[in-house]
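Visitor: Residue-level listing of the chains:
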Amino acid sequence: MDAGNEINVRGKQRFTPRLILLSILVPLLNLGVHTLIFLFFRESGLPPMFNALLAVIWGIFGIYSIYFTLNWVVEQYPDKWKERVTPYVFVGPAVLLLGWLLFLPTLRTLYLSFFNADSTKFVGLANFGAVFTDRLLLTALRNNLMWVVIGTLACVILGLLVAVLADRSSFERLAKAIVFMPMAISFVAAGVIWKFIYYYQPGDEQIGLLNAIIIQLGFQPQGWLSMVQPWNNLFLIVILVWMQTGFAMVIFSAAIKGIPEDMLEAARMDGAGEIRIFFKIMLPVISGTVLAVTTTIIVFTLKIFDVVMIMTGGQYGTEVVATEFYRQLFMYQNAGYGSTLAIVLLIAVIPVIILNVRQLQKGGNL
Amino acid sequence: MRKKVKAPRRKGHWLVNLILGIICVVWFIPTLGLLISSVRPAADILQTGWWTVIPHRQWETVSQIKLDRDTDLRKPIEVNGQSFPDDQLKAGVEVGDQRLIWENRRARTVDVQEKKWGSSTNFTLQNYETVLGGKEYKITQPDGTVQTEQGSGMGRSFWNTIAVVVPSTVIPIFIASFAAYAFAWLKFKGRKAFFIVVIALLVVPLQVALIPILRDYTALGLNGTYFGIWMAHTAFGLPLITYFMYNSISQLPKDLFESAFMDGASNFTIFSKLILPLSVPALASICIFQFLWVWNDYLVSLIFLGSQPEVQVLSMSIANLVGSRGSDWHLLTAAAFVSMLTPLAVFFALQKYFVRGLLGGSVKG
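Residue numbers (this note's numbering), protein chains in the order written: chain V, 1 to 366; chain S, 1 to 365.
Accuracy of the hints is not assured; some may be wrong.
To be verified - Here are some chain V residues pointing at chain S (derived, C-beta under 10 Å):
| hint | residue |
| --- | --- |
| 1 | V148 |
| 2 | S226 |
| 3 | Q229 |
| 4 | A267 |
| 5 | G338 |
Claimed, not checked - DSS-like, lysine-lysine: derived pairs with alpha carbons at most 25 Å apart:
| hint | chain 1 | residue 1 | chain 2 | residue 2 |
| --- | --- | --- | --- | --- |
| 6 | S | K66 | V | K82 |
| 7 | V | K82 | S | K187 |
| 8 | S | K187 | V | K80 |
| 9 | V | K80 | S | K254 |
| 10 | S | K116 | S | K66 |
| 11 | V | K82 | S | K192 |
Note that these hints are calculated values from the structure, not bench results.
Just so it is clear, CB atoms sit at the ideal spot from N, CA and C, and this is done for glycine as well.
Looking at chain V on its own, in the form it has when it is part of the complex (with noise of 0.2 Å):
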């Protein structure tokens, strides 16, 4: 019995030709199989209902059975290979696939920053030259700037508005989803949401809501869009904070939850104001919190694109650093330049990426 076991455990150890076999075979299957689907997709003329269902199914159970396979291999591994194979099965794909689509192109963006249009000659740092003196692109780093002082401050300040108020009113639940609608709609449809509160026509009909507003008042009704820059950016920035407030809001409200009742009862049995109980009790102690959605909202504002996209295509001086971007390498064909600008983002971001590490290291998760 005994003897029998241990032979058992021995012939397990071994790799026989039939798993290195497996283990060839079963990735190269994978990659096959998709492969045909795919072309399959790229060739057909399916009508676009079925089309798309066809789509979800494949996207669906083709991520289920690449794991699958894979792990069905690895699990006629003997044990302690199995063991060592195994996470990285799991980890694998995830790596792969941030190494070849963000990891890998940031280098080789950094690297084509130093090239000149159609990357075929290094120019040195000529491109970074250019854009800290080229008038438009200076306009779009300030604009930049801009939006992410200005729109980040008010989101987090509105958030934490919103969230403590709720927290107090008798209609919490419908504030919040009110406040956090704005989330679940595209920036693109935000977009003709608000070139119509910004609509401008001569005479004195408007039918855009602020010029309506500004007639009421007795003043001029007025091009917001195009009129007085660099205000123009301001009324693009209101329409990011309208939307990202809610994001906001809901996580300040969660952690604000999280407070102890007994610790704000205690500040007020010693007499504390509410104002007070707040800036003293509250922001300390939510400050984590407080950074994160900063975080969050600072890098999602430096890549701000579609806003300034659709409300002026980056006309009247609106441009930012995105859109710039997208000019220089779809107008202009000049890869050198888009590289560069993509750069100068990573880089405003490197502070934030340090100050979040440290955060995390602090709080134990490395």
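Given chain V, put chain S in place with the hints provided.
Guide: Leaving out everything else, chain S in the frame of chain V:
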């Protein structure tokens, strides 16, 4: 999970409600304007603001006065025994409760108007038909002329969006959950290094990756294909989803795995039978996020999918509408509302998971 404690009533209640109420109204008005405009006829949208739908006091013509055809417009014009300059009649002049205004200056007819309660209540669903279908439609313009216009066929973009969004939501969540499980509970070489890289990639602006990926995609023939855009959305969403799922999965009790291991379950079984069911709240909330981001995305699809009608997604077709027919508000508003419906439905359906999942995950602080 924490029990919801009813906050005790505090002072300043009415003030809190008032301020919050004002904020809510301000937040809701833009969407309301869009919704109302999308069901108004094209001609009405261009002539009166959407708020005229709400009953309000407005001037309504009660009678007309025909003046002598030869009335000299350069001199003060006599109407009902009083005389007014031409300019005043153009803008409308108030006499007691009534207002006098030219109905037709050339034919010398003057409208006598009185303030009455009224609202413009012309509603139509034609905007939606035009936007969803691909056929031609006849639209009556404000000046009375009839114009045919081509429908924008958003029905097709809707299905394209589904084909892009559903896999782009499921695939990254699947991949990220596997990775998060390995990062949280398995021991392997390079665990810490990989994890730090993933966290660092969390804040890399995706613009940085666009040019190289575009070159690879062109070389591989992935441009304008569903598979290509799935991979792009997956990679861009992975860092956040992995981090989020890691937070949730690493908080599960350790003895859970140990007893399952004792029973001889493999990691794959533990993952699919134990981890996934236990992480449903976290999965649901990150699902909403990724779904909303991908559904609302414009830049990634603009670059990797392009705007051919066979693959065009909703955000793209609205953006094209804005570009090509920027003042056709009846089409724009209807199209925008169509694109909002699905994400709003998903959001409200999964709302309760959303807050719960966030509580267990990213709000650790």
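Visitor: Interface hint check: Q229/V, Cβ to nearest Cβ on chain S, cutoff 10 Å. Holds or violated?
Guide: Given a least distance of 20 Å, the restraint on Q229/V is violated.
Visitor: Using the nearest Cβ pair, does A267/V come within less than 10 Å of chain S?
Guide: violated (13 Å)
Visitor: For K80/V and K254/S, compute the direct alpha-carbon distance and say whether it is at most 25 Å.
Guide: With Cα atoms ~22 Å apart, K80/V and K254/S stay inside 25 Å; holds.
Visitor: Can the restraint linking K82/V and K192/S be considered satisfied, given a maximum Cα separation of 25 Å?
Guide: It holds: about 21 Å lies between the C-alpha atoms, which stays within 25 Å.
Visitor: Have a go at the G338/V hint: is there a Cβ in chain S nearer than 10 Å to its own Cβ?
Guide: With a minimum Cβ separation of about 6 Å from chain S (threshold 10 Å), the hint on G338/V holds.
Visitor: Under 10 Å, Cβ to Cβ, is where S226/V needs to be relative to chain S, so tell me if that hint holds or is violated.
Guide: Hint violated; S226/V Cβ to chain S Cβ min 13 Å, cut 10 Å.
Visitor: What's the verdict on K116/S and K66/S, does the C-alpha distance respect the 25 Å limit or exceed it?
Guide: It holds: about 23 Å lies between the C-alpha atoms, which stays within 25 Å.
Visitor: For K82/V and K187/S, compute the direct alpha-carbon distance and say whether it is at most 25 Å.
Guide: Holds, because 12 Å separates the two Cα atoms, which is no more than 25 Å.
Visitor: Is the hinted pair K66/S and K82/V satisfied, with a Cα-Cα distance of at most 25 Å?
Guide: Given that 25 Å is the threshold and the Cα spacing comes to 98 Å, the pair is violated.
Visitor: Does the structure keep K187/S and K80/V at a Cα separation of 25 Å or less?
Guide: holds (13 Å)
Visitor: Under the criterion of a CB-CB separation shorter than 10 Å, is V148/V in contact with chain S as hinted?
Guide: With Cβ-Cβ at 12 Å, over 10 Å, it is violated.
The structure does not agree with the numbered hints 1, 2, 3, 4, 6 stated previously, though it agrees with the rest.
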